[in-house]
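Protein chains in written order, with the numbering used here: chain A, 1 to 229; chain B, 1001 to 1598; chain C, 2001 to 2392; chain D, 3001 to 3164; chain E, 4001 to 4180.
Treat the hints loosely; a few may be bogus.
Restricting the straight-line Cα-Cα distance to at most 25 Å, the calculated cross-link-like pairs of lysine to any residue (SDA-like) are [stated by the list, open to error]: (1) K1491(B) <-> E3146(D); (2) K2031(C) <-> W229(A); (3) K2210(C) <-> W1013(B); (4) K2318(C) <-> G1209(B); (5) K2031(C) <-> D223(A); (6) K1134(B) <-> P2306(C); (7) K1491(B) <-> T3115(D); (8) K2028(C) <-> I36(A); (9) K4169(E) <-> T1238(B); (10) K220(A) <-> D4141(E); (11) K1134(B) <-> I2172(C); (12) K190(A) <-> A1117(B).
Cβ-to-Cβ under 8 Å is the rule here; a few derived chain A residues that face chain B [what the hints assert, rightly or not]: (13) M89; (14) P91; (15) R92; (16) D94; (17) W153; (18) D163; (19) D164; (20) D169; (21) I172; (22) A173; (23) R178; (24) E180; (25) H184; (26) Q191; (27) I192.
Some chain C residues well away from chain A (every beta-carbon gap over 12 Å; in silico) [to be verified]: (28) T2050; (29) E2058; (30) E2191; (31) H2316; (32) P2320; (33) I2373.
To be clear, the hints were calculated from the coordinates, so they are not data collected in a lab. The beta-carbon is built from N, C-alpha and C at its ideal position, and this holds for glycine as well.
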Amino acid sequence: MEDVDDKFLKKNKEVPLREELRPRKVTTPDGQEIEIEPLRDYFCEAQPKVHPKAYSKIVEDFYNWARSNSLWILGFGTGCGAIEMRPLMTPRFDAYRYGIQWRPTPRQANLLVISGYLSVKTLKRAIRAYEQMPQPKYVMGLGSCTINGGMYWDSYNTIKRLDDYLPVDLYIAGCMPRPEALLHGFMELKQIIRKGEAEGANKYAENFAQYKANQKAVIKDWDMPDYNW
Amino acid sequence: MSLRDVLSPFTAWKHVINDPVTIKDPFSREASDRYRGFHQNDMDKCIGCGSCEEICQNAAIDMVPVEGQNAGPGDSGLRPMIDYGRCCWCALCVDVCMTGSLTMSNEYTWVDSDPDAFRFVPGVDAKSWDLEPKGYQREDERRLTGTVRAPMGETCPEDRIGNFDEIVDGFTAEQAIIEADRCVECGLCVATCPAHMDIPDYISKVRDGDYEGGLQLLYETNPFSQACGRICTHKCETTCAAMHEGDAIAIRWLKRSITDSVPRERYFDLIQKPDVPETGQSVAIIGAGPAGLTTAYDLARKGHQVVVFEALDKPGGMMRYGIPEYRLPYHVLDHEISVIESMGVEIRCNMRVGQEISMDQLKTAYDAVVLSIGLHQGRSTRVPGSEKAEAAIDLLRRITAGEEVPVPEQVAVIGGGNVAMDIARSMARLQKIKHGKVGVTVTALEELDRFLADKEEIEEALEEGCDIFPARGPQEILVDGDTVTGLRTWKVDAIFDAEGRFAPKYDEDDEMVHPAGMVVEAIGQMADISLLGAELTEQLEWNRGRIMIDADGQTSEPWLWAAGDAVSGPDVIHAVADGHRVAVSISRMLTAKREALQ
Amino acid sequence: MFSFSPDRSQYPQPGPDGKVEVDLETGKYLKLWHGPNHPGITGNMSVELTVCGDEVVEGKTHVGYLHRGFEKLMERRTFIQVFPIVCRVCVPEPDFNEYCYAAAVEELAGIEVPEMATWIRTLILEMGRFNSYMMAMGGISGALGLGVVGQWMTYTRDLMLDRFEELTGARIYHMFILPGGVRAHLPEGFEGRMEEVLSTAERYLADAEKLMFHSSVFKTRTQGVGYIDPALFERYGVTGPNARAGGVAKDVRKDSPYLVYDQLDFTVHTEEASDIYARTMVRFKDLHETIQLIRQILKKMPKEGPVMGNLPNVLHWKIPRGETYIKGESSRGEYGYYLVTDGTGYPRRINVRGPSYTHAMALLEHLISGTNISDVAALMVSLHTYPPEIER
Amino acid sequence: MSEANKEKLSGLTTVKEIMDTATSFEVVARDFYAALAPKVSKNIRWLVDELAEEEQGHVDLFTKLANDPKVSEAMAEKIQRPVADGKFSDCVQVPDLGENPDDQTVLQYALMRETAAMEQYTELATTAPEGPLKEAFTFLANEEAEHKEELEKIYYEIVHSGGV
Amino acid sequence: MRELLYRLKDRYHFGTPTFQRDDLCFVTVKRSELRAILTELRDVEGFTHLTLLTAVDWIEEQQFQLTYMINNREANLTLALRVMLDREDATGDTIHDLWPTAATYQRELREMFGINFPGSPRVDEEFILEGWTDLPPYRRDFDTLAYSQQTYHDRPGRETHDPKTHMQKVLYADYPKGAK
């Protein structure tokens, strides 16, 4: 481990908001002049909420059992690990038999797999995708990069600890993890869900301000609302 | 659009009747034999050199102290802790591992919801894959750092036997760089070196071609770098990380290559006395060997006045009178001592303390006295007839001093240490010069592989025509009238018992007589402490035959320090280390004394 | 007969500079983000489409989602430390990076590579090409709704990954071609197992051929679509199969043979149509050529010999000042490493010339205007681009 | 070998007498070393002191043994005279070490003594009847053997210092 | 290759060429002549293919080196032209009209090295980075490790020991090391 190098100091400049997102006056096609504030007007402003448990333990257990058996993964390959998802989707490893499938949109998915390193640019999209997923939802981190920066530990453009920015329920070691290791991870996640311990999304809602602060510290051109639901 | 193009896609349906290709149980699927999975580390083999940490481009490895692994010779006691939040399983750490202790299993599954869990010390933190034999191992010996020592030129036996010229050529600049390049700079050797020289640092100077910087670095820890570059016992090389697979780095020769590469006269520019005020205090040092002169060098550089009393003709001690010229040429030693003298050290030769000047006189005239008298008396086996034997150490001194020594056609040497080799090879040279042929027999109690002499010394002695009889116990020196005729020995069945203790067992039936016109005893040496006088001997505290000293080299007398072979056993570099230690202690005392006066 | 073609007379017409004046305020146009999270995208990149109806008026490629700053990271790693990270530059065909980097270092440091190692390197590169083509075939068929071909191709690719695993010790990032040679010999019985994979692959390819090249749907969607004018090839730096599909019989393996390609027999396949069909066809034929090459290599390669040359101590390995460029024919075209050294233990600069760089940026942006939205995915896949090598 | 010592031995037939001689042997040795200590140079006095201490340890041990009720019962038994007897008695007498013996001489002398004692006790152990007495002699033999090995180690370290 | 340079050397100023291989040559040209040389090589000498365009930061000499690597596909020759730019005011000349694909390279150079190419399409748009406010990252004076340490957090709790100093501490802390 090298000590923090302070000979070089990074610059902390603000990035101005893109013009089309600034509050301004526009003329509508029918000639009216209205004031718009795109970030407020175009998005829902709701804050994330803690997903309540069912009123009875038996029902909650049933829910958890059901959830654990329908892990729908958002088909968003954020890093190298995505290449090992393909074999899982195809007959040889066939993850579908375990109730796991890939969905093209966050609205239909409840598991976000961060497949390795996240560049700042992708982190922004990943946060957005995550926030758009319906609750209850889970995050899985693949490989070294999501744990402590991996081999891009000294890169200016990749984050080091995924749990700074998103609540992670499970990590899989490897660079990159094999399909079998991924399956192991899914099975483990199922166990966690069944025990009712996959509380990442609730943690996110509870510590929302903290997560946002971390996210905004690295994503400098924050041009979206605080919560992308 | 042909009909064929419409119909042919339907041929895919034939796969309906095929067996599925799905892997039934993907969870227990084993990875290939070479798979680079999770790490394993053999605790017995690992030496904690940190090469794995050095090569890791992900900063995934930390060297950490672990329970049950203690630092010791050739083992730092540290072990690699691997962060699987960094690792990329490239296995460079396995490839570079100096001992082959670090390997990889073919295990690949590790899931955890705690991100801090992915950090472990392989071999210490128990893991399910610790004993897995499959997994990545390098195909042959390590290949990322050189394993073979750069060749060293030396005079062939035929050419060297007839003279006392230096044998070893020393590295050429290219050879030195190639050899220095092999060093992984782990620094394990530094702890082993009695003087704790900055070995990796000066080796890196060789690699960079900065010989002058290297020389200054050498002199920081050793004013006898030229001598040590030739004749050091180089214990450092026995703890070199490179020796586990391949040859140890030729540390000694690299040191020599620095000292040889800097022109003689440049030494005086590079090694200058620091600009310190004179303290007006003075120290007497008895014996101009490595310990005494190192003390003198250090003290003179601190501004003290130093006088060294030497009983013999010339300074150098055992380096001059014990070590033959073919190993350490006198001009090298002269130059080395002249550098020390340039610090303002005064050396008075032919001043035998106890005769020319007494200890009491020294005590009153100087603020401190250092006893560095070495081991200049030879031990005798005291077998019958041994009174007719020569002591190796006397003989060597006489040869150095240029005295006439008897050179019979056949000489028997008793002893298996370096002194035995030195006298055997010196006598061989004299025989070659006088008789044109070599006739030296070396006998020793030990088996050849337990000889105390360096391997090279033994090999070179054999090359030069000396006969070595290992495991022979001397029983009698045969004498006919006044002349020695031979040496009678018994076979030694075992010299050490099961616990490794000396317990010689002889086979009395296996008797040999080695004919010889001279028998030389080279079994051991002791200090000549007669100079102390009975009174001082009685005053001093002793520790098992040696003057008792504390960690700083001070004796029980507040004005007297002791250093070198006489207290630490025979070893030049040890003597140098003693010298430094004593110098610091004396200097501390003198400073305190000065401050008390002010 | 019913025509599939929409009436495009209502659509905006290009101005004299060939560009359409896009004014979003008119309400005629829509901005559509294709990616980064989109099933029809090749990897993690995105194309910002401006569409009018279902026709793309303008497309801008956005990359950088996978940018790790490799070229910067390499500058602060020693020559051996660069070795594990180069393969990450291109995920589906990492071996080319390893080879190009190793060869560049060997050239500047003057290191001899044993013959055995060059054969194994060639084998590895061809195995990588096989995988990459398999992905491309699966990709194009998937983009056109032929899911089953994608499944077959992924399966056969996975069989090849098993061979990679037993040879190199890893599935995806092999980290096998070290500067100086390769890490190990072939394992026992490798040839036989490889032959099984190859014959399985051939079986599936025969089926795939029927589903793709003899399918009326596939033909309709690909023939004449995504045409690249061969005159543009040189202006846009088009190489590899994309250029060969337009009749340019150029292949680095043939033109300036590296490794042992001069000892191997193979044909450079070309097509004339320069459309998606032709590009897919060239890859399909080249895939067969690759299978044939792997067999040939295994047959011709020496049975024993050292696999590593002599390296200096890599912990302080310095390479004299110099610069070089090493190129090879990857599955996507000319792949190259530009290495500049300055006499220190670290590279001064490494620049990776990935074929996707030119194909997915300027060329794609040029081709995409005027296409139908439904063809965008197929067009992109047909160019066979891998985003990680664009932005590195 | 002096006549007086030979005589001393010839009459021995009971265990008790052997024990007495053995004790006196150790006592003589201890006294010898104790008397030698001031005579030698201080730098080797440690060696002589150590030897004296070791012998004193044996004297103590013998005394303890003799007071052991089990051993004292067996004392009356008669046993065969040991074969190695001669060597044993040889060493009881004080050889001439000279005015100012050096470490090597002292060691050689001590080694000779220990060897003889070891052989003696071994012999006694073989002839002694099964029981506590035999154990006692075996123990003593081992003691002496160990001591001898210890001395040999010291001898090797001091005399055969390797000679670098 | 040698004949080619020989042919051209009367009209243009070349530095000393480096013939790295038979088919690869590096040569420094003047920035003012670059365009003319490239055009001539492309149109007359058959170097029709722009292999790559990149920069090297020679910060010690306060210069950027632009490398234009062009390839003659018929003869299989690669020629790399180096153009040295002043690092302070780094501006190059766009060649996107000669090779449209150069626009991408120039965008990257603008972003990663801060070398401007006025007139090149979309050259000022963000290319790979997003919201980047620091030094252009490929410049040598940009320290990626320091930036990373100051921006992204390490997982705490790691500590390493140097074998040499550790052994000194454990085994011979008392020895007056470096007694001078």
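Checklist entry - Which earlier hints turn out false for this structure, listed by number in ascending order? => result 13, 19 and 26
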